[in-house]
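Engineer: Sequence:
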Amino acid sequence: MKFLLTNDDGIDAPGLEVLERTVREWGDVVVVAPAEVQSGVGHKLTTDRPITVERTDDGWYSVQASPADCVRIALTEIAPDASWVLSGVNRGANLGADIYTSGTVAAAREAALLGCRSLAISQYVAKGRPVDWEVTHRRAAPVLKRILAAELAKGEFWNVNLPHPPADGAVDLAFCALDTEPLGVAYRREEGAFVYDAVYQERPRQPGRDVDVCLGGRVAVTKLVLDIAGEAVNPSEEGPLP
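Numbering (the numbering used here), first residue to last: 844 to 1085.
Just so you know, the hints here were simulated from the structure itself, not pulled from any lab data. Honestly, I wouldn't trust all of these hints.
To be verified - Simulated restraints on C-beta separations:
(1) 1030 <-> 1059: 27 to 37 Å
(2) 1031 <-> 923: 46 to 56 Å
(3) 923 <-> 1050: 37 to 47 Å
Beta carbons are placed, not taken as given, at the ideal position from N, Cα and C, and that holds for glycine.
Please model the entire structure based on the sequences and the hints provided.
Structural biologist: Following this line, the structure appears as structure tokens:
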């Protein structure tokens, strides 16, 4: 089995090293990741300029572009035989509405669009507490092993969010739906500019959905589906425009 790894925190991010260390015992690994932080870029794609790719180590490639670009280049030019695309481990959760702005999730979505099995994995960060990446590694391994063995239909991909409880130890896993509540948006004025001022940890929670599950201390696993398979409609069949 060959794993293609990427992220949106950049090729030097500790979460990417954790992900590589987690899966390298299960198969071959190729890392194709952004050269710099690309957090929050969503499904941005580069089509108007050349993209520089540098081989930094054996099986590691640094790309001057977005996470979705990394997946496109990797699956067409570097590792077209990849069995899975794994994106992360992101520092910070990607829950609910985050999937639309997250570069981490966009990388997994691009892989699904190109017909490759994929998942995004993120580490929620509780307010005021550091991330212990060794704990993340211990929690990610059994979760990934279970999910990689699960079936995925065409156009489906996984979104995984690890919790951040105050103590080390095993945590439960829950397969759950995506939270549909909007993320809080607030700004403060600072020297003539607007500064984002919403508190992520205080976002609303729909009971039993991914935000509630992860912030409540369990691993949230959500199956996302590409909604692009519907048949085209001939406008003439819909009647005249109003």
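Engineer: All hints are to be evaluated individually against the structure, with a verdict given for each.
Structural biologist: Hints versus structure:
For residue 1030 and residue 1059, the Cβ-Cβ distance of about 28 Å falls inside the hinted range of 27 to 37 Å, so the restraint holds. In this structure the hint that residue 1031 and residue 923 lie 46 to 56 Å apart at CB holds, the actual value being about 47 Å. Range check, residue 923 to residue 1050: about 43 Å between beta-carbon atoms, so the 37 to 47 Å window is met.
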